[in-house]
Amino acid sequence: MATTAREVVTELLRAGRDADIDTFVALMAPDGYLEWPYRPPGVPERIQGRAAIRRHLTETAGGFVRFDAYHDVVLHESTDPEVVIVEYEARGILVATGAPLRQRVIAVFRVRDGQVVSYRDYVNPLPLIEALKSVQSA
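Residue numbers (UniProt numbering): 1 to 138.
Because the hints were derived from the structure by calculation, they are not lab data. None of the values given here were measured: they were computed from a predicted structure. You may find that some hints are simply not true.
To be verified - In silico SDA-like cross-links for lysine to any residue, where the CA-CA straight-line distance does not exceed 20 Å:
#, residue 1, residue 2
1, K133, G42
2, K133, A29
3, K133, P40
4, K133, R39
5, K133, V123
6, K133, E87
7, K133, V65
Claimed, not checked - Now the in silico label distances, taken between C-beta atoms and shown as ranges:
#, residue 1, residue 2, range
8, P100, T4, 29 to 35 Å
9, A96, E7, 32 to 38 Å
10, V95, R39, 16 to 22 Å
11, D80, E59, 30 to 36 Å
12, H76, P37, 14 to 20 Å
13, R120, E59, 16 to 22 Å
14, H71, P30, 31 to 37 Å
15, H71, R120, 19 to 25 Å
16, A99, P30, 23 to 29 Å
17, E87, T60, 19 to 25 Å
Even for Gly, the Cβ is constructed at its ideal location relative to N, Cα and C.
Take the sequences, apply the hints, and build the full model.
Right, here's the structure in full:
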């Protein structure tokens with residue numbers, strides 16, 4: 001069982017990559033939230049609470065993008081023991097076309113008592129927006 005903020009974040013990232021919804025939700029605090037400050041159209045800015053997070057992950061599982069691997073993962077611990085910052089490149093495909101997709105991410109996590117209370121995902125939305133345009137025009 002993950003105990004440090006770094007271990008919790010590592011396990012949450014694994015669960016997200018592997019579409020392990022049960023583990024992902026269990027690692028979130030009951031009132032924890034996911035937030036995307038920069039996002040493509042149609043993606044909510046924030047999803048709060050385990051039930052809402054589970055619903056979102058279930059509805060989007062097998063959706064238009066599937067990420068299979070995270071590369072160049074760097075975890076930064078901060079002077080605040082609750083905060084971990086992660087940089088990585090998510091690699092996957094557009095489900096509709098099989099076209100490859102690479103997306104750079106910086107994520108800021110706050111972990112308290114072994115659970116993620118906030119997960120802010122600073123995703124570069126441009127690769128996804130361009131990929132969605134190619135699907136819509138096909």
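Note to self: Tell me the hint numbers this structure goes against, listed in increasing order.
What the structure shows: Hint check: 2, 6, 16 fail, others pass.
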